[in-house]
Amino acid sequence: KAGVTQTPRYLIKTRGQQVTLSCSPISGHRSVSWYQQTPGQGLQFLFEYFSETQRNKGNFPGRFSGRQFSNSRSEMNVSTLELGDSALYLCASSSGQGVTYEQYFGPGTRLTVT
Amino acid sequence: AQSVTQLDSQVPVFEEAPVELRCNYSSSVSVYLFWYVQYPNQGLQLLLKYLSGSTLVKGINGFEAEFNKSQTSFHLRKPSVHISDTAEYFCAVSDPGNNRKLIWGLGTSLAVNP
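Listed in order, the protein sequences are those of chains X and H. Throughout, our numbering is defined as the position within the first sequence, counted from one, plus 2. Throughout, our numbering is defined as the position within the second sequence, counted from one, plus 2.
What the hints contain is simulated information worked out from the structure, not anything from laboratory work. Incorrect hints may appear among the rest.
Below, computed lysine-lysine pairings styled on DSS-like, alpha-carbon distance capped at 30 Å [what the hints assert, rightly or not]:
id, chain 1, residue 1, chain 2, residue 2
1, X, 59, H, 51
2, H, 60, H, 71
3, H, 51, H, 71
4, X, 15, H, 51
5, X, 59, X, 15
Some residues of chain H that are not near chain X, with every Cβ distance over 10 Å (derived) [unchecked claim]:
id, residue
6, 10
7, 19
8, 108
9, 116
Note that CB positions come from ideal geometry on N, CA and C, so glycine has one too.
Sequences are here, hints too, so could you generate the full structure?
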């Protein structure tokens, strides 16, 4: 069974631009969560989608948004990029809702904002 | 609010020596506890989890952890480490008010030297 895939793996953007990251979950998984990972803050939860609906949201500004399609693939968008948005963005999928279901992580998208 | 503290940011150890990576959390309310490992340039992988039952939890790759409710700790141990265990290890705890969300520690970098 293929794992979680994220595209692109690396991205360089300029401050003020916007970016869209993509995540394809494991086949059959309907829950997708997004995390931001930085050395100083560690992993911080962005949001979770299940069956195309956002079920949970972390404490990030409205510049961060996401969506999930009917095939469970998910995209995350960051508008008006800031230098502080430079991070590794991780996507995780699971077969159900809630933390008791094992989350399977993708390799991440490394975003650098200059 | 729940917080997670990984007491050591870096742990150097020689191959075949035992290791303990420490994790403490703040809330004594019933929680779920997890350890994840992140190898270089890879996503996170679940090592083990505590949901209920026996306080000694065994995971993959010979790791185990002990849940101590009175000390609000969930330390990870391995009796004999290998070079291949070199990685970043993350402790995560469920948010008591929201079982769809994990609160993460900042990670412990385990360096196994020959």
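Evaluated hints:
no.: 1; hint: 59/X x 51/H; verdict: holds, 23 Å
no.: 2; hint: 60/H x 71/H; verdict: holds, 17 Å
no.: 3; hint: 51/H x 71/H; verdict: holds, 15 Å
no.: 4; hint: 15/X x 51/H; verdict: violated, 37 Å
no.: 5; hint: 59/X x 15/X; verdict: holds, 25 Å
no.: 6; hint: 10; verdict: holds, 14 Å
no.: 7; hint: 19; verdict: holds, 27 Å
no.: 8; hint: 108; verdict: violated, 4 Å
no.: 9; hint: 116; verdict: holds, 27 Å
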